[in-house]
Amino acid sequence: AMAEKTPFPMARYAEMLFEAGRRFIGLSALSHPSVMVSAFTPTDAMAVLGLYNVGSREAAVLGAELLGRRLKLSADQTARRVLDEFGRLLAQEIMSYGFENDGLDFDPTAFAEKGIFGGLLGRREHGHIKINAATSDTVILLGAPASVLAPFVGKYLAGRLLVPPIFEVASAVGAAASPIHLSRRVEIHTLPNFTGYRLFLPDEVIDGANVDSLARTAQTKMETYMRGLAAQAGAAQAQVSVTRDNRLVLMNDGSKLNLGASLNFVAVGTGD
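Residues in the sequence shown are numbered consecutively from 1, following our numbering.
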């Protein structure tokens, strides 16, 4: 795929692993800048079920299908399990926060599967002792998916869960007033047999004979790219800076061979 100058799709890589019955090798092994990693999140699960119209539903469904193969579940069943687990975890966070506000000491391991709170949040229905948990205060849920997630939280924790009319943008004023800080790294590597260099950008790869020229190309393209990201995050304006680390190797004759470079771009913007 690198020889053809096209990114190798993460979905295809994961699909090959699943089909071969192999385990995913882990994020720590995927440090090469040409590999883009994503995760299946509760937002994806909501997209699969048609509960939230953000992003690519097609990609979300593919993720659910891949996970479902290992779980022996359909895409819809996988999405519901993810949302159910997210509801349980959010209920756990609310309980922990309530205990802390009440000044109560509790062992975090109690939320483990066999712990008393873990058994409660696991909806222990057939035990000898029945325990119910409820909040005495109203819990206000904010954020774009709040209205969808509220029922999943309510399955585990009784009480009043309030989703205000402006839940999608309730925290937008604070976000707009806060500085936006984004960073991205791009890499320049040597081609086989030192025939040149390859620049790995977020959406393309470019070959060249000179590291400096590729670094200038990267700076031109990435400044536009970083400002675009900052704008998506709500910044009206952004300053982009770059640092460069060359990979220099000392040769026998005292000269230095440049094996490439890492360029780190940082965009700092405000919502003013």
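Each hint should be verified, as a subset may be incorrect.
Derived pair list, reagent style DSSO-like, types lysine-lysine, alpha-carbon separation capped at 30 Å [to be verified]:
1. Lys130 to Lys114
2. Lys72 to Lys155
3. Lys155 to Lys130
4. Lys155 to Lys221
5. Lys114 to Lys72
6. Lys256 to Lys221
Just the calculated beta-carbon pair ranges, DEER-fashion [unchecked claim]:
7. Leu162 to Asn258: 54 to 62 Å
8. Asp84 to Gly115: 46 to 54 Å
9. Thr243 to Leu73: 43 to 51 Å
10. Arg216 to Leu104: 32 to 40 Å
11. Ser56 to Leu89: 49 to 57 Å
12. Asp107 to Ser56: 40 to 48 Å
13. Ser262 to Asn132: 28 to 36 Å
14. Gly154 to Ser262: 41 to 49 Å
15. Val266 to Thr217: 48 to 56 Å
16. Met251 to Gly228: 36 to 44 Å
17. Asp84 to Asn132: 33 to 41 Å
Just so you know, these hints were derived from the structure itself, not from any lab.
Just so you know, even glycine gets a beta-carbon here, dropped at the ideal spot from N, CA and C.
Cross-check of the supplied hints:
1. Lys130 to Lys114: holds (15 Å)
2. Lys72 to Lys155: This hinted pair holds, its Cα atoms lying about 24 Å apart.
3. Lys155 to Lys130: holds (15 Å)
4. Lys155 to Lys221: violated (48 Å)
5. Lys114 to Lys72: Since the Cα atoms of lysine 114 and lysine 72 sit roughly 25 Å apart, the hinted pair holds (cutoff 30 Å).
6. Lys256 to Lys221: holds (28 Å)
7. Leu162 to Asn258: 54 to 62 Å: holds (59 Å)
8. Asp84 to Gly115: 46 to 54 Å: violated (19 Å)
9. Thr243 to Leu73: 43 to 51 Å: Hint holds: Cβ distance 46 Å, inside 43 to 51 Å.
10. Arg216 to Leu104: 32 to 40 Å: Between arginine 216 and leucine 104, where Cβ atoms are some 60 Å apart, the hint is violated.
11. Ser56 to Leu89: 49 to 57 Å: Once the Cβ atoms are compared, 25 Å apart, the range 49 to 57 Å for leucine 89 and serine 56 is violated.
12. Asp107 to Ser56: 40 to 48 Å: holds (42 Å)
13. Ser262 to Asn132: 28 to 36 Å: For serine 262 and asparagine 132 the Cβ distance comes to about 54 Å; the hint is violated.
14. Gly154 to Ser262: 41 to 49 Å: holds (47 Å)
15. Val266 to Thr217: 48 to 56 Å: Violated, at about 19 Å.
16. Met251 to Gly228: 36 to 44 Å: Between methionine 251 and glycine 228, where Cβ atoms are some 40 Å apart, the hint holds.
17. Asp84 to Asn132: 33 to 41 Å: Violated: the Cβ-Cβ distance is about 18 Å, outside 33 to 41 Å.
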